[in-house]
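**Q** Given next are the chains, with one letter for each unit.
There are 2 protein chains.
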Amino acid sequence: MLMVPTFDADPRVKLVAAAAPRAESRDAFERDYGGTGYESVEALCADPSVEAVYIATPHQMHVDHVLAAAKAGKHILVEKPLAISMEDADIMVNAVREAGVHLIVGPSHSFDLPVDIAARRIASGEFGTLRMIQALNYTDFLYRPRRPEELRTEEGGGVLFSQAIHQIDVVRRLAGGMADKIVAMTGAWDPKRPTEGAFTALMTFETGCIANLTYSGYAHFDSDIWMNNVGELGQTKTPDAYGGARRALADLSPEDEARLKTTRTFGSGKTIEAEHNEHFGPVIAMCDRADLRLTPDGIEVFGDTERSFIEAPFGPAPRKTVLDALVGAVREDSSPVQSGEWGRASLEVCHAILTSAASGQTVALRHQCKAQHQEFPR
Amino acid sequence: MLMVPTFDADPRVKLVAAAAPRAESRDAFERDYGGTGYESVEALCADPSVEAVYIATPHQMHVDHVLAAAKAGKHILVEKPLAISMEDADIMVNAVREAGVHLIVGPSHSFDLPVDIAARRIASGEFGTLRMIQALNYTDFLYRPRRPEELRTEEGGGVLFSQAIHQIDVVRRLAGGMADKIVAMTGAWDPKRPTEGAFTALMTFETGCIANLTYSGYAHFDSDIWMNNVGELGQTKTPDAYGGARRALADLSPEDEARLKTTRTFGSGKTIEAEHNEHFGPVIAMCDRADLRLTPDGIEVFGDTERSFIEAPFGPAPRKTVLDALVGAVREDSSPVQSGEWGRASLEVCHAILTSAASGQTVALRHQCKAQHQEFPR
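First to last, the sequence lines map onto chains G and S.
Numbered continuously in UniProt numbering, the first sequence closes out at residue 378.
Numbered continuously in UniProt numbering, the second sequence closes out at residue 378.
Hints are computed from structural coordinates only; laboratory data are not their basis.
Source: prediction; values computed, not measured.
Quick reminder that beta carbons are idealized off the backbone N, C-alpha and C, glycines included.
The list that follows gives simulated cross-link-like pairs (lysine to aspartate or glutamate, EDC-like), each with its CA atoms no further than 16 Å apart:
| no. | chain 1 | residue 1 | chain 2 | residue 2 |
| --- | --- | --- | --- | --- |
| 1 | G | Lys192 | S | Asp288 |
| 2 | G | Lys192 | G | Glu257 |
| 3 | S | Lys192 | G | Asp288 |
| 4 | G | Lys370 | G | Asp180 |
| 5 | S | Lys192 | G | Asp304 |
| 6 | G | Lys192 | S | Asp304 |
| 7 | G | Lys192 | G | Glu149 |
Now the stretches of chain S that chain G is said to cover, found in silico as 3 or more residues with beta-carbon under 8 Å:
| no. | region |
| --- | --- |
| 8 | 134-144 |
| 9 | 182-191 |
| 10 | 198-211 |
| 11 | 218-232 |
| 12 | 240-250 |
| 13 | 284-292 |
| 14 | 304-311 |
Whole structure, please, built from the sequences with the hints as guidance.
**A** Put into structure tokens, the structure is as follows:
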């Protein structure tokens with residue numbers, strides 16, 4: 001549902017086929033787009049009118065669907081996280097390499113235009129050496145409707161695989177990608193939702209840059225008040241919405257909750273009204289000659305003696321940068337920053353956070369990759 | 001200078017004597033307060049009209065001056081940090097114990113009324129178990145005028161001993177004091193001011209609470225924008241003040257700078273106009289049933305389904321809680337939370353941050369003490 005406005009607003013994209021297990025979703029797709037609704041991913045991938053496949057299935061299904069698309073020679077946009085296990089990630093990276101197709105892991109908040117602009121400007125060296133990044137985000141993630149596996153860590157549930165992955169992606173994008181070591185602590189503090197709901201981590205990069213990542217999905221403090229009261233999806237938030245996630249969940253049985261989540265798919269969901277760029281919470285990137293503060297509308301630059309603002313214009317729809325990367329890959333054979341290797345590297349950090357929290361030790365990272373700054377067609 | 005409005009506003013305090021090396025300061029004191037200006041601390045401590053001594057000398061002099069006051073049987077309020085070395089801290093703790101006098105380390109931001117109220121309310125258990133604290137602060141500390149030793153770490157310079165000590169004090173106060181382990185990274189990124197200007201740390205407590213502490217004194221991002229645009233001293237800040245510290249420093253020689261700092265003492269400084277409680281940057285304390293966000297005017301409580309606010313009324317002057325503790329110690333033999341043992345425990349954490357940053361290892365803490373909630377006379 002979140003990608004619908006993005007596809008609809010972009011003349012470079014035509015939705016010609018879709019696969020979904022629910023007839024309601026397939027029917028809605030055929031009615032709205034005049035394309036073909038398939039019951040299986042394999043059938044969709046066999047459709048010769050398809051050039052690229054967007055995979056938005058549950059995490060644990062990514063590997064099968066990526067393999068199906070790669071085998072059929074289609075370029076792929078797969079939702080984050082690339083996979084839950086590093087083994088699956090390896091399989092996918094190898095499969096797309098052998099097939100000679102592009103794999104993009106996204107949308108992820110590392111695609112947010114303020115992040116993209118900040119990463120390029122930092123890489124240009126104009127602010128001096130990047131020294132430290134602080135990223136934090138306090139959301140209601142853990143109390144949104146969930147399927148049961150989304151509350152089991154070993155199946156990719158909890159805030160690590162769905163949320164930390166964004167923060168790691170953003171921080172790696174700003175710092176160039178090559179993380180080095182991480183030490184972390186996690187919290188699983190609600191016995192009714194017994195998976196990680198929070199974490200805090202210190203990470204280093206090969207460049208010497210240090211980073212501090214903190215996340216809570218326990219639905220109390222809302223750090224969007226430090227993001228101009230703009231929500232993750234670029235929507236304006238109002239104070240009377242406070243506590244909504246917990247209130248909505250209070251009277252639901254686990255079965256009702258799973259049903260609610262499962263039916264929130266194409267043909268039944270509602271669209272968010274975005275007016276700003278998406279974001280993943282406050283981020284401060286400290287360079288020698290300026291600190292950059294990311295906002296939903298651009299980047300506040302705190303220089304030596306003056307403040308300035310780099311605008312990141314919103315529109316025409318959210319997530320345009322994801323399609324820039326996809327069109328670049330399909331039309332110009334241009335490799336995106338958020339490739340399979342990139343997604344695997346961010347996934348490695350998720351696992352390292354869990355490992356470090358369990359052992360109390362610093363964990364060395366061995367599957368990192370550099371951010372290649374793709375020049376998008378726009 | 002910062003304590004002058006506090007003393008002036010409090011009818012429980014009478015300034016009867018002062019010691020200062022500069023005649024200008026002594027003369028100003030005698031003129032303003034009608035008391036006696038002494039050249040030496042020892043002479044001041046011998047004055048029978050003195051009940052308690054406030055020591056605001058440079059860090060490295062604290063040990064001699066605390067010993068002089070303890071030997072004379074005076075109660076002591078000594079500025080943070082208690083000392084630079086743990087050895088000096090031990091000497092001071094032992095000396096005041098033997099002398100049977102109270103030693104209070106302060107002012108420190110752990111005395112700020114919102115911190116004090118939050119610590120008591122957390123300790124009451126009304127919000128459930130405290131799980132995580134995030135504290136951050138971005139200031140212009142490194143570019144304020146400094147004496148040369150304030151830019152040498154081994155002499156107590158840099159942000160650890162003067163600034164981290166506040167953040168550690170605040171976090172320990174909220175979590176009850178018994179820190180357990182810490183892992184940290186530091187940055188000394190300006191070759192012209194070659195001491196630590198930033199750090200980030202993860203700390204655990206015996207209770208299981210985890211904490212994230214981050215600080216930068218590099219005068220770029222100013223986190224007071226997340227504190228209702230109120231500065232550390234409770235003053236309202238205006239955007240046109242941005243960059244003031246660096247601008248003021250730009251044309252000064254090191255000699256001019258040291259002179260400027262040295263003469264900013266009683267009789268020559270100017271007073272800050274505080275309208276709110278002091279603070280030390282954004283602090284979020286996460287409990288099972290609510291997150292508490294400290295502000296200069298009180299505590300925002302983000303509960304399960306509702307937000308509320310606990311007021312922390314300001315006035316009549318800043319730092320009244322410090323005098324509450326001092327009066328309690330002198331008049332009622334009541335031990336303050338911020339005792340010598342407490343100050344030593346916070347100092348230990350400063351050293352542990354430096355040790356961890358140098359070694360890359362987690363450091364175990366062995367000199368911690370509990371926060372005893374003193375009931376102040378008010």
